[in-house]
Structures are given as structure tokens and as C-alpha cells.
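Colleague: We have chain H; now place chains L and B onto it with these hints.
Listed below are the residues making up each chain.
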Amino acid sequence: MIEAFEAPAYLETLLLVLDLCGVFFFAVSGSLLAARRQFDIIGSVFLAFLAGLGGGVVRDIIIDEGVPNAFANPLYLIPPAVAAALVYFRLITQGRLRRTLLVFDAAGLALFCVTGTQTALAAGITPVMAILLGVSTAVVGGLLRDVVANEVPEIFNPQGLYAVPALFGSGLSSLLWVLGVFTWLTAALVMLAVFAFRLVSLRRRWWAPGAAHGWRS
Amino acid sequence: MIEAFEAPAYLETLLLVLDLCGVFFFAVSGSLLAARRQFDIIGSVFLAFLAGLGGGVVRDIIIDEGVPNAFANPLYLIPPAVAAALVYFRLITQGRLRRTLLVFDAAGLALFCVTGTQTALAAGITPVMAILLGVSTAVVGGLLRDVVANEVPEIFNPQGLYAVPALFGSGLSSLLWVLGVFTWLTAALVMLAVFAFRLVSLRRRWWAPGAAHGWRS
Amino acid sequence: MIEAFEAPAYLETLLLVLDLCGVFFFAVSGSLLAARRQFDIIGSVFLAFLAGLGGGVVRDIIIDEGVPNAFANPLYLIPPAVAAALVYFRLITQGRLRRTLLVFDAAGLALFCVTGTQTALAAGITPVMAILLGVSTAVVGGLLRDVVANEVPEIFNPQGLYAVPALFGSGLSSLLWVLGVFTWLTAALVMLAVFAFRLVSLRRRWWAPGAAHGWRS
Chain H
-8 MIEAFEAPAY LETLLLVLDL CGVFFFAVSG SLLAARRQFD IIGSVFLAFL AGLGGGVVRD
52 IIIDEGVPNA FANPLYLIPP AVAAALVYFR LITQGRLRRT LLVFDAAGLA LFCVTGTQTA
112 LAAGITPVMA ILLGVSTAVV GGLLRDVVAN EVPEIFNPQG LYAVPALFGS GLSSLLWVLG
172 VFTWLTAALV MLAVFAFRLV SLRRRWWAPG AAHGWRS
Chain L
-8 MIEAFEAPAY LETLLLVLDL CGVFFFAVSG SLLAARRQFD IIGSVFLAFL AGLGGGVVRD
52 IIIDEGVPNA FANPLYLIPP AVAAALVYFR LITQGRLRRT LLVFDAAGLA LFCVTGTQTA
112 LAAGITPVMA ILLGVSTAVV GGLLRDVVAN EVPEIFNPQG LYAVPALFGS GLSSLLWVLG
172 VFTWLTAALV MLAVFAFRLV SLRRRWWAPG AAHGWRS
Chain B
-8 MIEAFEAPAY LETLLLVLDL CGVFFFAVSG SLLAARRQFD IIGSVFLAFL AGLGGGVVRD
52 IIIDEGVPNA FANPLYLIPP AVAAALVYFR LITQGRLRRT LLVFDAAGLA LFCVTGTQTA
112 LAAGITPVMA ILLGVSTAVV GGLLRDVVAN EVPEIFNPQG LYAVPALFGS GLSSLLWVLG
172 VFTWLTAALV MLAVFAFRLV SLRRRWWAPG AAHGWRS
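Chains as they are written, first to last, in this note's numbering: chain H, -8 to 208; chain L, -8 to 208; chain B, -8 to 208.
Bound conformation, chain H alone (with noise of 0.2 Å):
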């Protein structure tokens, strides 16, 4: 459609501001998950970092273009901080039980699936492989922090998709690009769409079928 997309002068800005409230959505999921399992609050500031900051270091680990943004950008310190700030004076609670966590979980997974795929992209990464790198994006925040806290990671839970969300928005946010109709809103909708995605399939507990066909009946 259009031979060489120009990136739209507020790009940058627009993923920095995106990825920082990704950070910030992932950070508080990784802070209550802290409170549930009664971590201390260097636990809490720890599940922070790594839930908030992980996805995009492997991300910028694999682009490879030098220092990745969390570690070069102070502004990446600010969000988990909050984060934990917030859990910790409880003017971010669990609710009921597992409930709160999920919806940031699922915010972090809506920003991080649309901020990894453009920022693969804007390295020269083609489509379909920021595709991949989108996904990657969204899902390692949250497996690092499962995994770490010794939890069995959400990816893996039959009830509700995760990664079936993100790959649709990391999908649709490539197309974008490609179409060079990436901007605010178009970014803001697909957010939108992956959130109520996930969240809808966490209510309905849609399911996938088992890795074996007709394993899980």
C-alpha cells in the first residue's frame, strides 16, 4: 500500500508513553502477587521490577541495539516504585482474592503485546516476526514473575486465554504498521480490544482445547 511506512514524529512518545504505563500495570500485578504470598516489601519492590521491566529488557535484549530502554531510560525506575508504593499503603488492594491482580495483569498484557510489536518493528524486525517478539513482549513480565515466586504461570491456567490475546493484538498492531496507520487512537482501540479479550475469556473461562485432541474431553 505504501512503500516505506514513515514512522509518525510522536512515535517515540507515544511508546514511551504506553510502555511506561505497561510497566506500571505489570509492576502492581507483580506487587499484590507479593502481598498475597505475605512476601516483605523488598519482595514486593522485587516482584515489581521484574514483572514491570522484564518483558521489555528480553525485548530489547533480542533487538539488540544497545543498553535496553529500562536501563537507560531513569523514568523506567518511577513506575515499579509507585507500584509498590501503592500495594504497600493498600490504596491498591487485592479485592477478592486473585481478581485485582488479573485485571492489571491483563492492562500490562494490552499495552505490552501493541509497545513490543512497534518497538520490534521500528528496529527494522519485519512483520511477522514482530509478531513473535510482540507476544514474547507481553507474556515474559508475567511468566518471570510467576516463575519466580514459584506460582504456576498464568499462560498455563485452563481458564481463560493469555496468550491467544496477545497474539490477535500483536497481530492486528503489526497490521497497523504495515497499513502505516498506526497512531494514538488505532493503538488506544487494539489496547482496548486485547483487554476486553482477556477479561472476557477470564469471566466466560473460555477454554482451548488440550495439547493432545481428544487428551481432555
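Don't take each hint at face value.
[Unchecked claim] Selected chain B positions facing chain L (in silico; Cβ < 10 Å):
1. 23
2. 26
3. 31
4. 35
5. 40
6. 55
7. 75
8. 85
[Claimed, not checked] Stretches of chain L that chain H covers, calculated by requiring three or more beta carbons in the stretch to come under 8 Å of a beta carbon on chain H:
9. 67 to 81
10. 139 to 151
[Unchecked claim] If you anchor each label on the Cβ, the simulated ranges turn out as follows:
11. 196/B <-> 57/L: 45 to 53 Å
12. 56/H <-> 118/B: 19 to 27 Å
13. 4/H <-> 194/B: 24 to 32 Å
14. 57/L <-> 63/H: 12 to 20 Å
15. 141/H <-> 198/L: 25 to 33 Å
16. 169/B <-> 69/H: 19 to 27 Å
17. 4/L <-> 166/B: 49 to 57 Å
Keep in mind the hints are simulated off the structure, nothing from the lab.
Glycine included, each C-beta is placed from N, C-alpha and C at the ideal position.
Modeller: Leaving out everything else, chains L and B in the frame of chain H:
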């Protein structure tokens, strides 16, 4: 023996083919683990990608020559997808408990210790350190698979040797390169030897001495 | 105070020596964990390498200046091999339960928070972000060791402080650099302080407040 070993023209193709086969074998082991743990098809695809691509991605990140192969070459998406499909349609089944999984894992181990070492050597890493990187490549995919799925990693299983065959294969592979005789034939022989070594060690339940002498009598 | 701090000529040697010592201490903690878990000698060597080299490799990958030290300099192979041998021949034994392991872990923590911060600063990372990287270096080796062996990571242990001494050491280390007074002597003093801080916190069972205020009374 030779001043500067000239890599054969077909070396790149050789390594790509072997690497893709190794990805496939490890990917099958990931999907079989998902089936055994009654994860869904998403978890199966995820473990196929993680087990299949994890070792090579870590290797490429350490070598630090741009974007890892698995994220640069779309061919790498095929083996994990095929592996998850084969397990889903039960064209590969678990056989008696964990046996099939371990056979595919052994095949992946045999291929990756060779391709990991050669990729490192081709990137200018010294022969001794290439052995360390080869073993890491071979071991990391299965390790990530087991850690994420909360299994005890196969490397700690007291029955059968895991890292030793990989070390043996990486060492031989590095030696072949130094001697300038790394070809399709010699590579195949080393991989067969590693595969056989691993399977015989499993069947005969070979074990290594304990971490502390006399601790385990 | 000074416009551009000129790194002393011996800084490289200083960092290498301290880094190798830190690798040794963490490697011993890995082998001791293997002995306690009754893993075999292979598992012991593996955990020695993972705990000893893990933190530095992650640090070097994030700094993104070529192949990580541990894969570029064969000297790094020696400390983990020596550590596994010392544990095997029972020249280092577990003493009373986990105590010896924790002493070696504390020594590694003390050294790595300093060398991690300095390596980051030498690579041009800003003083504030270098602190984050120093803490990461100090914490990651032990974290990988515990996650892979399926232990609850020491950082989540409610009795004793882990990340706080590392943060204290990284902060001081970064300050020394900025003031231009980072030398053998000051480095040694910081490391001793971190080591003592960690051990006293363990003995006195210092604890941090819970992740959510009032949650744990």
C-alpha cells in the same frame, strides 16, 4: 595443523538444517510435556516455542551478533508449530509415560551441542569457550521448558547422564573444527554418538557420584 | 567534584580479581545447594556455573558490549570448577544445615554489587542506573540457582535482608565512583560492610515490613 580453518561453503546450510531439526526435537519434547501435564493447546505451542527456540536464542544473545536467528529467520517458526500440531493430532504420542519425551529431548540435545559449538566458533569464540557455549545451548532449552512447567529439570535427574553427553559432543565438535574436518559426515557421527550415549545412560541408569564425596553411598 | 573521573590504570585488574572471587563464592553456594539436595556431581558443577556466572552474564548482556566476560575469558571457568571440587572432596562442608551456604552467598553478594556497579559505570551507564544494574548482578546468580533447583529464592526469605545490603553496597560503590575515590581500599571497605550487613541481618533475623501495610502485624 592448519593455520586458519576455512569454513566449508556449505557450513551455513549445514548448521541451519541441523539447528532447525534440533528445534523440532526440543519443540516436540515441549508439546509432549504439555500433553502429559494436561495443559491446553496454547500451553503446548508455548512450550514448543520455549523449548525449541530457548537454547538458540540464549546462545545468540551471548554471542551478541545482532538479532538471534530465531527472531530473524521466519523458518524457525515452522518446527515448533509442526511439533505442536503433531502432538495435538496424536501423530506423536507419549508412548509409555515419559519415554517418548526423553527420546526427542535426547535428539535435540545431540543436535544442539554440535550446532551451538559450531555457531560459537563461526562467530570467533575460542575453541574452549565454544564448548561451554555449546553445552549451554544444548541444556538451556530443556531447562527453560522444565523450570517454566515447574518440573525438576532433567539435568538433575540422578538416573541417566544429561550434561555429560552434551559436553562430550561439544568437545568433539570443537576438536573437529580445530582439525578442520567438520563436515556433514563427521557432524552426523558426533550427533549419533551423543544421542546413543544419552539413551544408553538412561536405559542403564548410569549415575554420577554425589555432589559431596561419600554423601551418597 | 571532578569533571570526568579518570579510571585508575589498575581498575581493570581490580574488577577482574573481585569478579573472579565473587564467582567463586556464588559457585560454592551452588555446589553446597547441590550437596544438600543430594544432586550428583554434574548437578553440582552445573549449579556452580549457573550461580557463579549467571549474574555477570546477565549484567554483560544488558550492558551490550560484546561477548560476556564469562564466555570471553577462560579464567572464569576456574572458580566454578574449583568450587565444585572443594565441595566434592568435602574441603568445604555444609556445617550446620544452610549456614555455610548463606555465608558464601553473602560474600558473593558483597562482591557482585560492587563489581556489577563499577562494570556498568565503566561502560558509560549513568550512576543511578548503574546502581540498578549492580543490584541485579548481585541478586540474579543466586536467584537462578534457587529457581532452577526449585527452592524459594533467598530474596523472599522473610528472615534477614538480602536486596537491601546489595542496594546499600551498589549505592556506596556508585558514590565512590562519582567522587573519584574508588580504589582497592574503599572497594574492600564497602564489600566488608555489605557482607557484615547481610550476616548481621541473618543472625538478628531483621525483617522488613510486609508488602501491604498492616497485612502482617
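Colleague: Determine for every hint whether it applies to the structure shown.
Modeller: Do the hints match the structure? See the list:
1. 23: 8 Å, holds
2. 26: 4 Å, holds
3. 31: 4 Å, holds
4. 35: 4 Å, holds
5. 40: Since the shortest Cβ distance to chain L is 8 Å, the answer is holds.
6. 55: For residue 55/B, the interface hint holds, since the closest Cβ of chain L sits about 7 Å away, which is under 10 Å.
7. 75: 8 Å, holds
8. 85: 8 Å, holds
9. 67 to 81: n = 6 at 8 Å, threshold three: holds.
10. 139 to 151: Satisfied; 3 residues make the cut.
11. 196/B <-> 57/L: 45 to 53 Å: Given about 49 Å between the Cβ atoms, the range holds.
12. 56/H <-> 118/B: 19 to 27 Å: Taking Cβ atoms as reference, residue 56/H and residue 118/B lie about 23 Å apart, which means the hint holds.
13. 4/H <-> 194/B: 24 to 32 Å: 50 Å, violated
14. 57/L <-> 63/H: 12 to 20 Å: 19 Å, holds
15. 141/H <-> 198/L: 25 to 33 Å: Once the Cβ atoms are compared, 28 Å apart, the range 25 to 33 Å for residue 198/L and residue 141/H holds.
16. 169/B <-> 69/H: 19 to 27 Å: Taking Cβ atoms as reference, residue 169/B and residue 69/H lie about 22 Å apart, which means the hint holds.
17. 4/L <-> 166/B: 49 to 57 Å: Once the Cβ atoms are compared, 54 Å apart, the range 49 to 57 Å for residue 166/B and residue 4/L holds.
Checked against the numbered hints given earlier, this structure breaks only hint 13.
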